[in-house]
Amino acid sequence: MPDHSYRLGIALDGDHVSGALADADGDIVAVTTHRLDGCPTPDGAVTAVLYSFLANGGAVRKIDRVAFAISELDKYVVFPQQASADHHPWSDVLGPIAVLRLGAATAAVPPLALWPRDFRDQVVLASTTVAGGARLDGTELEPLDEDALTDFARSVAGRVKAVAVTGVFATLTPDHELAAAAILERELGGVPLVLSHEIGGNGLLERENATVLQAALTLPAGRDAAKLQDMLVQHDLGHAEVFFARNDGTIAAIDHAATHPLALYGGSAAATVRGAARLAGEQDALVALTNGCGVVHAVCAVTAGQPRLTAGHTTIAGVPTSLRVIARVPVRAAEPTTVDVRAMTEAVDRAKIAPGDLPLLLGGPGAEDLATALPLRLTGTLGVRCPPWASAAAAVGVATAPVGGEAERIMPVRGAEESMRSIREAVSETARAAAVRAGADPQRARTKLIEETPLSYLSEPAVALRARAEGPPRPGVATVAGDPGTRRVATR
Amino acid sequence: MRFDQDNLAAFARGCDVLGAGGGGPAGQSLPLALHAVAEHGPVRVVELSDLPEDELVMPCAHLGAPDVSVERIGTGRESVGIRRQVEEHFGRRVAALMCTEVGGYNGPGSVALAAHAGLPLLDADGMGRAFPGVEQVAMQVAGITASPSVLADEHDRVVMVRAESGEWLERLARQVTSAFGDRAVTSEYVMTVGQAAGAVVHGTISTATSIGRVLDECARAGSSTTAAVDRLAEEFEGVRLAECRVTRVQPVKNVATATVATNSRRTALLEGVNRDEGRWLRLEAGHEYHAVLEDGELRATVPDIITVFDVHSGEPVPVQELRYGLRVVVLALPSPPLWRSPAALELVGPRAFGLALDYTPLTVDHA
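Protein chains in written order, with the numbering used here: chain A, 1 to 492; chain B, 1 to 367.
Okay, chain B solo, but in the shape it has when bound:
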């Protein structure tokens, strides 16, 4: 597969679905990706098996405040300086750029970065969805070292941070990002192609594209949002939880915590409509949607991917835009299997987001 003018929009749509309400809008980075491929040509999407074992995979992500990145949109060339620094540090060639977070903004953002760096994009990412924490990646579970962190701004300034622990790495990297003005492109968890085999979420770039294509087909056929979500559930082994109206969205106050993963919480009450009339769902959200409860039971929990679609626009609703009166359809897709181990759940399960709940795998009705 190659990313070009024709398939990037579908990919971006899929990235928003995998964002689970977080990750920032992929629509905002889509123009960056479109311009990058117009300027540098299509971006090749590759498998690990296409790459030499001992060369490097370079995960990249945009980091910082959304209010800054919509204004300082950058050059896309930030990846060039990062690549140079990584190759110099490791003394090896980078064979491919990898998207750190396929959910949301960083999906198309990584295509732009790959195009400018002249690298292919690996058909994989670090999350298979969106998470707020730098350490909430498959590479962390696999024991890959996060250090060094290489950060670049849009003026080709590059900083490399080396530290003995994740905490120090994050503390220092945060200072660098702050000095850049709360916008940076960063790379952590650089690894060899050989190491990457068991340390990334495979196939997620393709998955996002397929999801976007299904939604495009449904839109062309004039299907309702509910029907489109039903098709996604069917093709990607998920569950359409319910069609609802949002009757209340309540921010949870006094969340005294410093970690990004838990510092924003809200809870919403959804009342079933149409064929779901009479049902009541409670939706727990942080930076992403984290859990759906019904009748005292867990219907879906993070790291499974809970996405809320606006019935009228057909677009996924970011957590910050969930509000009273919206008509929505709630979809849950299964998380990548690697997140379901006890060690992984410690990193990305409900408790990692401040919920006193255990992960409950999705019950998919294969009728």
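Next comes chain A alone, as it looks inside the complex:
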């Protein structure tokens, strides 16, 4: 049966609201931009966008997927402890959580040692390290100390809202994290558990920090997600699957986004970059991000349709984490309120990963106004272009983005060819499963890429495998006009 459903993308960036409607083939059928007074809410944004699309009533009634790119989410994630109650619904609900590390012989830096003290005291009720973890060859670093783990679980039972678990080399062998999770589940019941191997990244301390932040944010994010879904019910969109922009240019279903809120950091910028490339029909390009104040604030690179990401090492709320986010090269203008061609040229150069000119695309609020202020030719580019609807790039980006999933693993390369093949297959399947968990259509999620990066100075050569899978967002409940369903996606 032909698919006649539509996807709605909604972007909120300061007081700028944009919307895009895409059909089942991913073609854009309608776009709108608005500037609202004050600080618009997602509710206000949905209202404004749906009002603009009244003329597309037929398509609007067939919307079964709604995706959001909300730049404000960056602040939610980065400054949870500073925001005031009216700006920030999470401020009083972060934590308390428990932090557990598996790997006793890592006492050189205990958990949370790199955290600002106030933030740590606010978020964490208790932390401990017990024996466990893995070695690079997959064997145990230490046998898992189940007794100590059980004691710890009992000591925090009833007093914590989530537990963060980080094992040494868990990205290689998550066995101990999973075994710990089973014990915590038994002792603590339904308390959310965040395990570091789901977050990924090599580097115990940074992965642990990201895991702890994720655990702290999980509950408030779930609460906000539920509010957002209630709001959509008011707009007769309760039947639709809801997605959020992630920091790698993909989207994630609301249940996954709420349990993995860290990945939303930078999502709005990533959606803008993807949308601008899409609008311009380019696979390889640079995208100049505008912010609605008449300046370009950063330049990003798109390679093979994917925004370029940082290598990790993202500091969030003063805490170093392993999070990989879209690489934004800031434009350091001498005069911050004007277009500084010299600063732009330099940012363009730094955003590239290799010599060779690329088109420079504008994207973001007010992009069209800026198009006239910029020279058509800029050193290092194939020209400056403002694609049609560039100011709605973020909405277009989320309306057309796939759902993504990743998996990582370290693999010795001197192993038997057969075992290497089975490891590659396992990683590929794990990435596919991750995409499905994040909300990809299980029928159509595919692994797109397996990267192998050699690790240096090892006595037995090994590579880090990283697989990426993608699929279109899973469809919501098909509805007929006048009879919208009100299915709710379960959130914690």
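Just so you know, these hints were derived from the structure itself, not from any lab. Each residue gets a CB set at the ideal place from its N, CA and C atoms; glycine is no exception. It is possible that part of the hints are untrue.
As the list claims (entries may be wrong) - Some, not all, of what chain B presents toward chain A, calculated at C-beta under 8 Å: (1) Leu32; (2) Val70; (3) Ile73; (4) His89; (5) Gly325; (6) Leu326.
What the hints assert, rightly or not - Covered, in the sense of this in silico footprint (three residues per stretch, anywhere, with C-beta under 8 Å from a C-beta of chain A), are these stretches of chain B: (7) 59-68; (8) 238-250.
Following the hints, put chain B in place on chain A, whose structure we already have.
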């Protein structure tokens, strides 16, 4: 001087400058040092003259794969077992721990090891910078015996290797490190305080701290990276070679060699910007930056310390992170004098890193 919560960050910054693009990031071992002094109290930095002549100086370093040590961060207590083994073997007391390599990770790493072992840290190291080879230390030039090699992992397992030559020592020690899982803390070239007088690079712990303090002052004053590098050049008798954009980084393929010092090579082309517009520099790199050429002439060569700073972050750029498009300032600092003898240059001169170039001392303009 004592290392405590207040001055370790500056020291780490200086260690990265002395790393010359290698040695691993000092920022990664800084948390280990900070936690160690929080737990055990400040680490005293001492001179040889503060120590009894016939007691021992114990050089220590972290060895292995960076991808392992960021995950298995260890306990810092590895030095306790090493110290016990060294004292038992030599039948003498260890008077101080010495950093084997001040450049990069091992700088702050040695503070952590000293704190846990309850030892003061000698104001000296084996290199005055970073080098990849175990034998590329001042002690080797001075004729100190490398053997025994004492290696420990984070589970208090300790192995002592004794061998008649450096080759055998390294071959066996490598097997031990491999068995530990590519991460170990090791000690070689243990010597008496008396022997150490002519066999180490003196004052380098202080130098690294001073470099870090200058950078901190510049950062507080809001100086540009170029201005900060100018100040380093002025205060430490170096040269600011140029401010550039990186226009190409090319790995050199087919380096058929087994020795660590030469098994990784890349070459980069830098185009001068701002007041250096019109200049072109070629940068040769291995695990560290090894040579800078301009107009067919050598501007700087290893063992002089070539450090590349990111103009925007102000941080030294490790060789592996040098890439197209970066805006950088290149600084060269003079190597410790002991590396300039013919025998020493055989060990650490350009040819030791696979470059068919002779060492050319820095020309410092004292205008």
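(request) Against chain A, run the beta carbon of isoleucine 73(B) and see if the smallest gap drops under 8 Å. (result) holds, 5 Å
(request) Have a go at the glycine 325(B) hint: is there a Cβ in chain A nearer than 8 Å to its own Cβ? (result) holds, 4 Å
(request) Mind taking a look at whether chain A covers the segment 59-68 of chain B? Criterion is 3 or more residues with CB to CB distance under 8 Å. (result) Satisfied; 5 residues make the cut.
(message) Checking hints one by one. Is histidine 89(B) an interface residue toward chain A, by the C-beta closer than 8 Å rule?
(response) Violated. Min distance 24 Å.
(request) Verify the interface restraint on valine 70(B): the C-beta must sit less than 8 Å from at least one C-beta of chain A. (result) Holds: closest Cβ of chain A sits about 4 Å from valine 70(B), inside 8 Å.
(message) Hint leucine 32(B) vs chain A: min CB-CB distance below 8 Å?
(response) The hint holds - leucine 32(B) has a Cβ within 8 Å of chain A, the shortest such distance being about 5 Å.
(message) Three residues or more, CB to CB closer than 8 Å: is that satisfied between the segment 238-250 of chain B and chain A?
(response) holds (count 3)
(message) Using the nearest Cβ pair, does leucine 326(B) come within less than 8 Å of chain A?
(response) holds, 7 Å
In summary, the one numbered hint that this structure violates is 4.
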